[in-house]
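There are 2 protein chains.
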Amino acid sequence: MELLKGKEVADAITETTRGRAGALKENGILPTLAIVRAGENPSDLSYERGAEKRAEKAGIRVCKYIYEETVSEEELISGIKKLNEDASIHGILIFRPLPKDIDDEAIRRALAPEKDIDGITDGSLGGIFTGSHRGFAPCTARACMEILAHYGIDLAGKKTAVLGRSLVIGKPAAMMAMEQNATVTVCHSKTGEEKMKAICRESDILIAAMGRAAMIDESYIRDGQVVLDVGINVNEEGKLCGDVDADSAAAAGFLTPVPGGVGAVTTAVLMQQTAEAAERQTGK
Amino acid sequence: MELLKGKEVADAITETTRGRAGALKENGILPTLAIVRAGENPSDLSYERGAEKRAEKAGIRVCKYIYEETVSEEELISGIKKLNEDASIHGILIFRPLPKDIDDEAIRRALAPEKDIDGITDGSLGGIFTGSHRGFAPCTARACMEILAHYGIDLAGKKTAVLGRSLVIGKPAAMMAMEQNATVTVCHSKTGEEKMKAICRESDILIAAMGRAAMIDESYIRDGQVVLDVGINVNEEGKLCGDVDADSAAAAGFLTPVPGGVGAVTTAVLMQQTAEAAERQTGK
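Which chain is which? The protein sequence lines are L and E, in order.
Take my numbering: the final residue in the first sequence is number 915, and no numbers are missing along the way.
Take my numbering: the final residue in the second sequence is number 915, and no numbers are missing along the way.
Think of the hints as simulated: they come from the structure by calculation, not from any bench.
Among the clues, some could well be false.
Intra- or inter-copy, both count: the list cannot distinguish identical chains.
Heads up, simulated SDA-like pairs for lysine to any residue below, C-alpha to C-alpha not over 25 Å straight-line [claimed, not checked]:
(1) 712 x 744
(2) 695 x 819
(3) 915 x 891
(4) 713 x 646
(5) 826 x 812
(6) 826 x 853
(7) 638 x 690
(8) 688 x 888
Same shape as in the complex, but just chain L:
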């Protein structure tokens, strides 16, 4: 079994993004990502540090807009609207889940799809569904596609099982795989274990995004299969692990490790989409 490591995919994307950022700078445009965070959630802080490092490598400027955890919905929305209108900001990343008194939908509605480089608005998601690509894909879903593309795994005609139907990964990944001519089946909590196993074993490509630690064992896997593990879970021993139990997935042909797989590519996609947003907004 070969590991599909995220690092080399992220590095390749970043190199290309650096070139695009350089071209923008020659035209007087500094591609800029705004990070909006409310509170000090440790996992937000950790992702933020990773994003800042990645931004530096990619030649993208990062501006941080940090609010107290007690920020009002009104203040947050007003802040986002200012960023929408600020021509020096090209992409906006909002850390979610937001503090519990804030209505997630109201925040998503406030964000301009043109700057929605993590694909959370209805405009972005609708664009993925219709193929108009008006906004941007959720970074994790696009990271899956970038990994397949980088390692030369063609989706056309392939049976692809997507486990999970969230708007962050399952549904957009299904649409993106379908756009590349895969034959996609979306499984979810109501599919039933035995059916899900059979569907997975019949698939050429498996995208696991159920969010259940190590649920995918050998009974889901067939020889030579390509398995993308999107899960980021903490197991009973307090260790980071994916949805796939790596030891029992030895039969798979290819597997993204956790950590170091899909997750390692998301910040690179974030910068790629910020550069793309800057290009679209400035026409450069």
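Position chain E against the provided structure of chain L, taking the given hints into account.
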């Protein structure tokens, strides 16, 4: 094999719609559908006649806005925008394909999603993808779901194969079936015949929307299966036929006939969605 006839589904929907229209009228609101047509395409005219008859039964008023086939894009867009703003119009149906010099996307962009009772705008389609249901479903896709609901066929946990990935039927029907907890596989022209046959035979429910006359024969069907035939094709003998070859689908448990199946339900859904649009717009 039992035929799932569209007429009784359409009649049941229409009766409910008539009740909703009556309640709106008691509140001084006359639920109104605007039909926008450019030219005299015979199939448009035939659908229009059916829609007008259905509207009468449902208690919905129809206003027709007929343009010459030579109408300019500008004039058509200006007409649609007037209808968007006209509070006495609740739903707008635009016959497509439009005359060839008119940009379909520009027309779809001009239409207000709130009045888009045939689900052609990005707003409507995005709402189906995200589950926000901001606009409306394409009538044919919703007709499929109404038929299943009427005949008491529960989708939860069922393997459902959708053949075709258009925005008119395949993709929205897949999302709607998934929302009802079906495990959905979308097949299309790049799936390959043998794979498609195997996927179809393994499915509990089959929604055929490939637009190929009588392509579904016994090799796609398994005993007891529910088959919805969305195709409306003309065969070599000039006869109307579906995507399913009805004679060789005898093993299926249930089949929608063509004509008299899904197609017979679409105008009823159109009126249902017009009433719903009127309710949403007026808060009555």
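Verification of the supplied hints:
1. In this assembly of identical chains, residue 712 and residue 744 lie within 25 Å of each other by CA distance both inside one copy and across copies; the values are 12 Å within and 23 Å between.
2. In this assembly of identical chains, residue 695 and residue 819 lie within 25 Å of each other by CA distance neither inside one copy nor across copies; the values are 36 Å within and 45 Å between.
3. Taking the shortest Cα distances, residue 915 and residue 891 never come within 25 Å of each other, neither inside one copy (34 Å) nor across copies (54 Å).
4. Taking the shortest alpha-carbon separations for residue 713 and residue 646, neither the intra-copy value of 31 Å nor the inter-copy value of 50 Å comes in at or below 25 Å.
5. Taking the shortest Cα distances, residue 826 and residue 812 sit within 25 Å of each other both inside one copy (23 Å) and across copies (13 Å).
6. With identical chains, the CA atoms of residue 826 and residue 853 are at most 25 Å apart both within one copy (15 Å) and between copies (17 Å).
7. Taking the closest pair of Cα atoms, residue 638 and residue 690 come within 25 Å of each other only inside a single copy of the chain (18 Å); across copies the shortest separation is 62 Å, beyond that limit.
8. Only within a single protomer do residue 688 and residue 888 lie at most 25 Å apart by alpha-carbon distance; the minimum there is 23 Å, versus 61 Å between protomers.
Going through the hint list in order, the structure does not satisfy hints 2, 3, 4.
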